[in-house]
Each structure stands twice: as structure tokens, then as C-alpha cells.
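As they're listed, the protein sequences go chains A and B. Heads up: the first sequence begins at 1 in our numbering, then just goes up one per residue. Heads up: the second sequence begins at 1 in our numbering, then just goes up one per residue.
If you are wondering where the hints come from, they were derived from the structure by calculation, not from laboratory data. A virtual CB, placed ideally from N, CA and C, is assigned to each residue, including glycine. Do not take every clue at face value.
So the derived label-pair ranges between C-beta atoms look like this [unchecked claim]:
| id | chain 1 | residue 1 | chain 2 | residue 2 | range |
| --- | --- | --- | --- | --- | --- |
| 1 | A | W157 | B | F234 | 21 to 31 Å |
| 2 | A | I72 | B | L303 | 22 to 32 Å |
| 3 | A | G183 | B | R37 | 32 to 42 Å |
Lysine to any residue pairs mimicking SDA-like chemistry, simulated, CA-CA at most 25 Å apart [said to hold, decoys possible]:
| id | chain 1 | residue 1 | chain 2 | residue 2 |
| --- | --- | --- | --- | --- |
| 4 | B | K314 | B | K159 |
| 5 | B | K131 | A | V9 |
| 6 | B | K208 | A | N92 |
| 7 | B | K27 | B | D195 |
| 8 | B | K210 | A | L273 |
| 9 | B | K110 | B | V209 |
| 10 | B | K314 | A | V88 |
| 11 | B | K27 | B | Y8 |
| 12 | B | K110 | A | L239 |
| 13 | B | K208 | B | D195 |
| 14 | B | K316 | A | L273 |
| 15 | B | K27 | B | G148 |
| 16 | B | K159 | B | T273 |
| 17 | B | K110 | A | L84 |
| 18 | B | K316 | B | Y8 |
| 19 | B | K131 | A | V270 |
| 20 | B | K131 | B | F234 |
| 21 | B | K110 | A | P95 |
| 22 | B | K210 | A | P95 |
| 23 | B | K110 | A | V270 |
| 24 | B | K110 | A | A277 |
| 25 | B | K110 | A | L89 |
| 26 | B | K210 | B | M185 |
| 27 | B | K27 | B | I276 |
| 28 | B | K110 | B | E200 |
| 29 | B | K110 | A | R176 |
| 30 | B | K159 | B | L277 |
| 31 | B | K316 | A | D93 |
| 32 | B | K110 | A | V9 |
| 33 | B | K314 | A | R87 |
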Amino acid sequence: MLETVLQAVVNGLLIGGIYALVSIGVTLIFGVVKIVNFAQGEFVMIGMYISYYLSTQFGIDPVVSVLISMPILFVAGVLIQHYLIRRVLGLNDLPQIFLTFALSLLITNLSLMFFTANYRTIHTWYSDEALHLGGIYIPYAKLVSFVLAMVLSGALWLFLRSTDLGKAMRAASQNRDVAQLMGINPNRVFAVALGIALALAGAAGSLLMPFYPAYPMVGQVFVLMAFVAVVLGTLGNVLGALVASLLMGVAESLGIQFVGADSGLIVVFVLLLVTLALKPSGLAGGWRK
Amino acid sequence: MIKSNLIYKYVLSLLLVLMVFLPLVVKSSFVLEILVRILLFAFIGTAWNLLGGYAKQLSLGHSAFFGLGAYTSTLLQIDLGISPWIGMVVGGGVGLLASLPIGWLCFRLKGPYFTISTIATANVLMLIFLKFRDLAWGAEGTTIPNLGNAPLMMQFDNKVPYYYILLGLLIIALTITAWIERSRMGYYLIALGEDEDAAEASGVDVVKVKRNIYMISAFLTALAGTFYTQYIYFIDPQTAFNFNVSIEAALVSIVGGIGTLWGPVIGTVLLETTTILLQSYLGNSIGGIQLTVYSLILMAVILVRPTGIVGYFKEKSQARSST
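Please take these sequences and the hints and turn them into a complete structure.
So this is what it looks like as C-alpha cells:
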């Protein structure tokens, strides 16, 4: 019994690392640009397809292809900020919500047209290998992705702490007007925030590829998970999103283990709704100004 | 201004008469099918518009009520033999009642997080119907027993009656909208949509207004759910709680003109016409093309003119009358 619980917790933590990369992106965009990015999951999907094609066409290992998917998505983020999101900043909810929502629909359906709805998987040499610790079973693919996810999250945390650009970003998220008065160029900060957030989503996609199938609608799972984690971890808070994502992973995994294989998502949604019911002021407060 | 209003009314009455007599001329079941689709989404869009357009509570979870309406009437019909005509009204009632807890939960949030919580509630409902097989057939769903031409059981051997049911529903929804627009509640709604805090400060009972409009919107959406199940003779959680219903309800309203009486109707006509043109040029073979085009139209509307098509003409006529 204890072993089953431990195994479920380990499984949850491992996938929670990936959720963290997605949620940190959502929370970063929200904190800095004040936009909820409904398309974040689609960038995970793009990261997955990039790694899939690099792996099948050029034999590049998905973990290595992080080095390619991250820069591509960084550039995509900067462009999306510059050409799309910049134009709805300061407007009301409708354009802000439905612009990224339309982007999500567009990317999903374009992928459906170009990649078809088929599931794509990659088989790597370590896909079937696992570490046995006591009675606990830790697949290498998940372990590697988890470790790299934590490294990337840590790197982002250091970046926000210690570099000028990172500090500018945090300043802009705390008070945009004052930050601007201090000589921070908001457009540049926003573009970098979008770039980093999308690069993290791309990394999540690449790291998922060795053990998760890619298909056009795959992003929905991750974006919903990220929304819950971002709410739980207090909007705009990077560390909060990280911890909440790991918890979400564990909650989902325990749900699968003890309620049934198809109930992982129910657990997650119920968690979201319970959070909303019990802690709404913490969510709605502070960010609507 | 008064003159243009009169012309507007004449044109609309003419259009309505035309719609009533249309099936006498149009015999092609292909065209009727398209008309049914247009009326269906114009109706759902009009229902969504009450909440999303006037109160500016941007829900993406209206499939929750669509699905509840569909399941209520189907369960009543198959388990108890009750006619879907009654089931439709009961389903509307279930949707209305369901909007109370859902609203209680989701209205605690504002802006994008309201939208996300509505997506979550619709998903929870779908997962419940998928998971609990004893409740209603689980993931496999069920077909509606075909009784041939049975008007009392809302089954017909041709498409014309379906067309009239929807036309009736749409007229009801538009009448309700027009009536609300002119009532005290309409002003409350517009105040709420413009600025919730300011509306509350001016003495509008924001909680009550939101709850009431959500109930009406949910009731109407649930009616569409019953209709659709009867129309396609099939129900399962994926079709009943289809996310695309939520998307299209919002989309037709935004494209046509959010918070305007005729916005959803005009938006539906535009989007559905686009679909038909696409299909006739490209065939049905390419999956995803319809929503690709819809999302491009949505983006264009948001970036160029967030008030939609009706909003654009309204602004134009206001600019003209003020000069």
C-alpha cells in the first residue's frame, strides 16, 4: 500500500515538473504583461512536433532538441508580443481573452491540417529503461525531463533575481507605470517575457516527447493544468506556480491510482473549482487593477 | 434617426416573413440543413449574447447547459417515455437550476479567470457523464429510437418542421433580448458590462443581475441541446458537451457584434456562409480548416474592430447623425 502511494507520488512529481514549465510561462506572462495566454498549451504542442521531426528526420534526441525548440519559440514569443498582443494591451477583457484564444484555435487547427490528428511517438534508447529505487520505479525519460525542467525553472528564478533585465521584468510586473518612469522600456520587457514563456513551453514539449504522444489537441491538457497551478500558486508568482504544479501532478497521479485511470482530469478540475470556491479573493484581488 | 429606425423595422419584418415562407420555396434538403445550422447557432449565440454580450461575462462553458438539456430530455424520453417537447422545457429548467451553483462559483472570478472557470465546469460535467456509466450510457452514448414521423415525440421525416422549431426558438430568444434591452434590467446589464465596480457603486445589485441573466441564458441554451439531440438522433458526452458549441456561441456573437440584438444572427450567417464556401471549394477532406478560418476571422475582428459588424454600422450611423 505504502509503496503504491509512493509510486503514485513519484509519478506525479515527475510529470509535475513538466506542468511547472508550462505554468511558469503562464504566470510570467500574466505577471508581466497582464494577459492570460490561452495558447500556452499550443506552444507545448509545437515544441513536441519540433522534437518529433528533428528526431525522425535527423535522429536528434528529443532532450538535445531542447536547444533548438527553445530558441525557435523564443523568437515566436517576441513576434507574437510585437505583432499581436501589443495591440490589445490596455483594452478591455474581450480582446485580451479572445486574441490568445483565437491564437490557440488557429494553431491547433493548422496543426490538424498539416500534421493530421494521428498520435506521434518517438522511441528512444532510454524509453523503456528505468531506475529501481527500493520498490519504486523511475523511468529514465521522465527523470531526465524532470531534472531538466527543474534546472530551467531554477535558471529562470536566478535570471529574475539577479540580472538587470530580470529585475526590470519584476519591476514591470509590480507596477508598470513606475517601472516606465524608472526608464524601463515596457515593450522590450514584455517581448522578453513572452519569449521566455514560450521557450519554456517549447522545452516542456521537447522533454515530453520521449514518453508522451504528440497530437494537435495535446496542448489543452497542459494549459488547463497550468491554469489550475497558476491560480493555486497565486497569479504572477513564479515560485508559487512551480510548487503548485508539482502538487497538481501528484494530485492527478493519486487520482489515477485510486479513483480510476480516466479520473485524473476530474481531480484536477475539481481542485480548480474548489480553489475558486474557497480562495477567490486571493485570485481576483490584486490583478484586476 | 427615427426614419432609419422605421426602415430597420420594415426590413426586419420583411426578413421574418421571408424566413417563414422560405421552406415553401426551398425544397433541397442540403439547403435546409444549412438553414437549420444557421438558425441553431444564431439561437445559441443569442442565448450566449445575453450573458457574454450585455453583461460582458465571457463564458466559454455554455456547452454545459447544451449538454444538460440534451441529456435531460433524452433520459426522460428513453427511461420514462416522456415526449421531448416536455423534456425540452424540463431540460431548460435543469439548465436554469444548474446555472445557480455554476454561477455562484464562477462569478467569484473576473475577466479571464471567469472564462477559465466556465471551461472547467463544462469539462467536469462532460467527465461526469463519461465516467459514471450508470448515469447515462457512459462514453458510448445512445441512439434515440427512431419512430418515423412522430410530431408528438419531436421526430419528423423531413427537415422542414425542424426548421420551424428553430425559427420559433430564435424568435423567442430575440424577443426576450429585445425586451430585456428596453427593460430596467437591460440598463443594469449595460452598466455592469461597462464597469462592474461603477455599476455596483451606483446601486446596481450586480450579483442578482448576473445571476438572473445567467439563468435566462442557460435556460435557452439547454433548449438547443434537446433540439440538437432530437435532430441527430444520437447523444454521447462528447457531442452533448462539445467544446465547439461553447466556442461557436461566443464566436458568432463577437464577430456579428457583441451586446447587440442582431449581432449573433449576422455573425452566424457570415461564419456559416464562409464554411459553405470553403466546403464547396475544398471539399470536406481537410480537417481543421473550418476552425482555422473562424479563428482568423475572430482575430481580424478583435484587432480591427472589437465591436463586431453590427457595432461597426452602429458607430457609422451615430457618426452620421451627430454631424
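Each hint, compared with the structure:
Between W157(A) and F234(B) the beta carbons are some 51 Å apart, a value that contradicts the proposed interval 21 to 31 Å. One distance hint, 22 to 32 Å for the beta-carbon pair I72(A) and L303(B), holds here, with the actual separation near 24 Å. In this structure, G183(A) and R37(B) break the distance hint of 32 to 42 Å, their C-beta atoms being roughly 55 Å apart. Proximity of K314(B) to K159(B) is assessed by CA-CA distance (about 36 Å); at most 25 Å being required, the pair is judged violated.
The straight-line distance between the Cα atoms of K131(B) and V9(A) is roughly 23 Å, inside the 25 Å bound, and the hint therefore holds. At most 25 Å may separate the alpha-carbon atoms for a hinted pair to count; K208(B) and N92(A) meet this at roughly 23 Å. Taken as a hint, the K27(B) and D195(B) pair is broken in the structure, with Cα atoms around 49 Å apart against an allowance of 25 Å. Taking the CA atoms of K210(B) and L273(A), the gap is near 19 Å; set against the 25 Å cutoff, the hint holds.
Only pairs whose Cα atoms come within 25 Å are accepted, and K110(B) paired with V209(B) is accepted, the gap being roughly 15 Å. In summary, the hint linking K314(B) to V88(A) is supported, as the alpha carbons are separated by about 22 Å, within the 25 Å threshold. As the CA atoms of K27(B) and Y8(B) are separated by approximately 29 Å, the hinted pair breaks the 25 Å bound. Proximity of K110(B) to L239(A) is assessed by CA-CA distance (about 24 Å); at most 25 Å being required, the pair is judged to hold.
Among the hinted pairs, K208(B) with D195(B) is consistent with the structure: their alpha-carbon atoms are about 16 Å apart, no more than 25 Å. This hinted pair does not check out: K316(B) and L273(A) have alpha carbons roughly 43 Å apart, beyond 25 Å. Taking the CA atoms of K27(B) and G148(B), the gap is about 20 Å. The hint holds against a cut of 25 Å. For the proposed pair K159(B) and T273(B), the alpha carbon gap of about 19 Å is at most 25 Å, so the pair holds.
Under the criterion of a C-alpha separation no larger than 25 Å, the hint pairing K110(B) with L84(A) is consistent with the structure, at around 23 Å. Straight-line distance between C-alpha atoms of K316(B) and Y8(B) comes to about 15 Å, which keeps the hinted pair within the 25 Å bound. With a C-alpha separation of about 14 Å, the suggested pairing of K131(B) with V270(A) holds against the 25 Å cut-off. Between K131(B) and F234(B) the CA atoms are separated by roughly 18 Å; this keeps the pair inside 25 Å, and the hint holds.
The suggested pairing of K110(B) with P95(A) holds, with an alpha-carbon distance near 15 Å, which does not exceed 25 Å. Annotation: proposed proximity of K210(B) to P95(A) holds, straight-line Cα distance about 21 Å (limit 25 Å). Pair hint K110(B) plus V270(A) holds up; C-alpha atoms about 19 Å apart against a cutoff of 25 Å. Between the alpha carbons of K110(B) and A277(A) the distance comes to roughly 13 Å, so the proposed pair stays at or under 25 Å and holds.
At roughly 17 Å between alpha-carbon atoms, K110(B) and L89(A) fall within 25 Å of each other, so this suggested pair holds. Note on K210(B) and M185(B): the hinted pairing holds, with a Cα-Cα distance of about 10 Å set against a maximum of 25 Å. Straight-line distance between C-alpha atoms of K27(B) and I276(B) comes to about 18 Å, which keeps the hinted pair within the 25 Å bound. Annotation: proposed proximity of K110(B) to E200(B) holds, straight-line Cα distance about 14 Å (limit 25 Å).
For the suggested pair K110(B) and R176(A), the alpha carbons sit about 21 Å apart, so the restraint of at most 25 Å is met. Taking the CA atoms of K159(B) and L277(B), the gap is about 22 Å. The hint holds against a cut of 25 Å. Proximity of K316(B) to D93(A) is assessed by CA-CA distance (about 24 Å); at most 25 Å being required, the pair is judged to hold. Between K110(B) and V9(A), the direct Cα distance comes to roughly 33 Å. Violation of the 25 Å bound is thereby established for this hinted pair.
About 23 Å separates the Cα atoms of K314(B) and R87(A), which keeps this hinted pair within 25 Å; it holds.
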